[in-house]
Each structure stands twice: as C-alpha cells, then as structure tokens.
Amino acid sequence: MNKCLFMAQRIEIAQVLSQSPIGQTITVKGWVRAFRNNRFIALNDGSGPGNLQVVIEADQLDEELVKKIKYHACLSATGVLSASQGAGQDIELLAQEIDILGENNLDEYPLQPKRQTVEFLRQKAHFRMRTNTFGAVFRIRHSVAFAVHKFYNDNGFFYLHTPIITGSDAEGAGEMFRVTTLDPENLPRTEAGPIDWSADFFGRATNLTVSGQLQAEIGALALGKVYTFGPTFRAEYSNTPRHLAEFWMIEPEMAFYDIHDNMDLAEAFCKYLIQYVIDHNYADLEALDQRLQEEEKNLPKEKRRPMGLIEQLRFVTDNPFERITYTDAVQLLQQSKPYKKGQFEFPVDWGRDLQAEHERYLVEKEFQKPVIVRNYPKEIKAFYMRLNEDQKTVAAMDVLFPGIGEVIGGSQREERYDQLLERMHEAHVPEEDLWWYLELRKFGGAPHSGFGLGFERMVQFITGMSNIRDVIAFPRTPGSADF
RNA sequence: GCCUCAGUAGCUCAGCCGGUUAGAGCGGCGGACUGUUAAUCCGUAGGUCGUAGGUUCGAGCCCUACCUGAGGCGCCA
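Residues in the first sequence are numbered consecutively from 807, following the numbering used here.
Hints are computed from structural coordinates only; laboratory data are not their basis. Note that the structure is a prediction, hence the values are computed from the model and not measured. Each hint should be verified, as a subset may be incorrect.
[What the hints assert, rightly or not] With a Cα cut of at most 20 Å, we get these calculated SDA-like pairs of lysine to any residue:
(1) K1103 with Q1118
(2) K956 with P1037
(3) K874 with R839
(4) K874 with I828
(5) K835 with K956
[Said to hold, decoys possible] Simulated restraints, written as ranges between beta carbons of each label pair:
(6) A840 with G1148: 48 to 56 Å
(7) E1092 with D905: 31 to 39 Å
(8) S1004 with P1144: 51 to 59 Å
(9) E1228 with P916: 57 to 65 Å
(10) L900 with Q815: 16 to 24 Å
(11) S890 with P1126: 39 to 47 Å
(12) A1089 with Q1225: 30 to 38 Å
C-beta atoms are modelled at their ideal positions from N, C-alpha and C, and glycine is treated no differently.
Can you make the complete structure from the sequences, with help from the hints?
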C-alpha cells in the first residue's frame, strides 16, 4: 500500500492493517460496522475489506457522544495503535478522541448488520457499497479496469476514444438508443411525411454507440494496435442476469493479426486480468469466496459450483483454453449424451447458431474450462468477418466461460474490398453509410483482427456474482434507471 | 418479447383443508454491560397480507387483470 500524499490528516485502515505502526498516535476515519459491549468499534473506511478495532473508554467520553456510535455512523478516531488483547485481531486503536462526523438514524436506515439479499440491496444502491460484499466487488471492479489499461499499455497498444454518439446504425449489433434534440411533440416532417432528421442537432439521425469496433479499425490501420474501453448501449429488451442496457466494453483492434493471433491475445488478456486481481485483491476474493460457499451450503450438491471461487480463477489462469472449430463443436454435440437422450431443447445442425445450452455443455461438461469456438457459418455472423477459403465459414471466434457464457466475441476482419462489398450486399448493409469503412480497404488496407470483451461479464466471473446488475454501481436495464 | 415462480412487520420467512384477535427470528426503540468478534441479557413497539376487482355466510389462502422482483429462453458482450 503506497502512502498517499492527499490523506487529509488521517491514515487509511488498509494501510494501518498492513503496516501495523504499533505505538504511533494515528487518526482513522470511517463507518461503524459494529459496536460491542459499549467498548469495541469495528471501523471500516472502504480502503479494504478489513476492519480496524477501535477501543473506547466509555466513562471517559461524553455520554451523548457514545450514544451516537451506531451501525454505519461515520466517525473519526484518534489514539495509539496497540497490540490487541482480544483474540479476533492482532492490533487495535486505543481511542483518546472520538468525533462523530455523520450521525445515523437506525430507525429509518434500511441496512442491517446481517446478511441481506442482493435483490434488496440493489434497491438501496446508494448504500450497498458499504457492505462487505459490494465493497469487495467494487474494489475488484476498479482493479480489473486498471489492469485492462496496464495490460494494453505494457503491450504497446494505444487507448483510442471512439465516439459515444454515432451516426452509423449499420453495425447490426442490436437495437439502438436514439439521440435527438427534436421535440417529440412537434417533429419536423419532410414533404413526403417521414421525420426530417436533417433538422436534428447533428443534421442527421444519431444514436448511442453499440460498438466502437468500426472506428477502432481506423485506429488499427494507422497506429497498429489500439483498444477502446468505454460505455456501450443496447436498447434490447434483454431481461437476464447477463445483460445490461448500458455496459462497458473493451475492444482491441490489431493490424497484421490473424484469427490465431487474435485468440492468443484474447486468452492472454483474460488470464492477465484474473491474475491481476488474484495478486492485488486477494482478501476481497477470499471474502467473496467464503460468501459463495455459505450461500451454497443449503443447495443440493449438483447445484453447487464444482470449484470454489479462487480455485476456479486459478484453474483458468493455469490451463490453456480449449480451442475448437464450429464444425467440430457441432459434431461433438451430436455425439454427446444429452443430444442422444434428447435432453437439448434446441436442435444441433451445421448452419444453426449454438444455443446457450450447447455452449454450457461444451464449457461446463465436455471441457470444464473456457472454450474458444472459431470459424462459424457466415450466415450467422456479421458482415465484416473475414470469409474463409471454404467460402462457407468466417474467421469468427467466441470465448465461452463457465456460468456466464460468451465473454468475448471477435474475428479477423474482411480486408479484401470486393469480398467485403459482397458481404455487405448479402447482409443488406447500406454501403453509402459505411463509405469510410470501405475506403480503409481501398487505400492501404491490411489484414487485421480484434474482439470485444464485456467488462461486466468479466467482473462477474472474477467476483462470482450471479447477477450482472450487482457488478455495476448503477445498473440500467429495461424499465429501470434509478440512481 | 415469451415462459415459470414469488410478493405477509424494516429484513428473512412461517401461516394447515377457506373459519375467531395474522406469528417467529433478526433489526428498531428503552435499559444493563470495560475484552467483545453478526457480543450478550431484560423490556417494548411495529401489519391496508403488492394493487384493483370477483367468488363465498366468511379470503392472507380460491379466480381474473395489473404492478414489482427473481429465474429460464431469445438477442448478445
């Protein structure tokens, strides 16, 4: 833990616990997690999962002040750090001075010092970060975000900010949110009747981005290796524990990378993020691991996770991802037990997309580790993916993780002008909208690849949180945009 | 968007076959407590049973619609 220069006359509890400056007089500030026996305060300031025990002499403090030491009240404590006489902790602060910084009214405060459901806490998003679980989740989320930048910076990538408002709606990545300043009560019309978007702010119809990929390709074909990391918006009515209307996505794009280079990068990237959290947030992981184990105690064995959280993370970093082609995956599925027993709800045929149940079988039963499926039929994939020599498949790849499914989708891009144009026509993508995308191929194009990683899905996997709404501070989902 | 399940005190839940005044634990409030670890002990308050209709002598319980939440599916990251 580095010393912070901007400490506002206090020392952070994470630093106290890691350095144990016994004998020194220090000031800590934080929120009360428990007040026991009129004497012991468990104080947490969010700097880490650990609490500092603050010991008071109640008869030496003002009675009114002691009454204000309540659950989740905020206070400042100054005293001498000492070895603890109690069994539960090594050190404690013998307080000489206590200042209440923010009182709490427990009569109306919704949180309680006990296990509360994530569904309840989600409705109290302004308080939930004060709990052990969400504190751990959001410290880890920060670490993953930081590790993203560190990984790419250390590997020679340039961070490219792609636009959040975009005029292109030709990407086919889902329904978009319209951005407009027009008055919905009084929309300008052309003489023929439709809405006149040329009268809108940008002189054209605009939307929130569903992907920065097409713009990232511009960067890759000039800077070599770039990545984007920003918010992404999908106006899909997706009501699942794995979807958000507003989420964060990381999209690296690399010149001269083929599909295999792309898969190598994707695997190394996933492993790096996980390893970074193991190295920097181990105590938070332990807390989440323990929470999951307690939660699963009451479940029947077959519903429990096959591994503990940390065990599973290590398993992913220590083993190569399985790599198979779509064609092999279909064969494997057709030879599988659930297929033969008719246990799959959806058919498995070459040319159909793999369903969630099929992906789960591959990842959780067949291989029991992350799987990268590549070379999908061109009909079920996007127009910009590179056509393979068989003329039937494209150089697409999906990285599938246990529990959360697809965490990465990517491809080698079609760099051949004529091929791309043909695919655009087949997919009914208007070429006049993407004239610049086509020109990239016309003027000094290059083979290149890239992928998109769903940031929250990765955080979900690393923290073990089962609902994606619990790994983003303020989730946006259909019908819900509170806070 | 489709399907399934749930909604009873602040939270988590029980409530039999439709039958008197709806219960528990935790939390809150009042008090005790100087070595506690989700502290403990004593006392106490707290409910329009999601909403609106309906069936019935009688509805927390049955029926219909709606709202909210969760899970599954589709779409995907």
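Against the structure, the hints come out as follows:
Our distance criterion of 20 Å between C-alpha atoms is met by K1103 and Q1118, whose separation comes to about 18 Å. Between the alpha carbons of K956 and P1037 the distance comes to roughly 19 Å, so the proposed pair stays at or under 20 Å and holds. For the proposed pair K874 and R839, the alpha carbon gap of about 13 Å is at most 20 Å, so the pair holds. For the proposed pair K874 and I828, the alpha carbon gap of about 28 Å is over 20 Å, so the pair is violated.
Restraint check: the Cα-Cα separation between K835 and K956 comes to about 31 Å, which exceeds 20 Å; the hinted pair is violated. The given range of 48 to 56 Å is respected by A840 and G1148, whose C-beta atoms sit roughly 54 Å from each other. Our hint of 31 to 39 Å for E1092 and D905 holds, since their Cβ atoms are close to 32 Å apart. For S1004 paired with P1144, a C-beta distance near 54 Å keeps the hint of 51 to 59 Å intact.
Between E1228 and P916 the beta carbons are some 59 Å apart, a value that agrees with the proposed interval 57 to 65 Å. Look at L900 against Q815: about 19 Å separates their beta carbons, and that is inside 16 to 24 Å. Look at S890 against P1126: about 46 Å separates their beta carbons, and that is inside 39 to 47 Å. Taking the beta carbon of each, A1089 and Q1225 are about 52 Å apart, not inside 30 to 38 Å as hinted.
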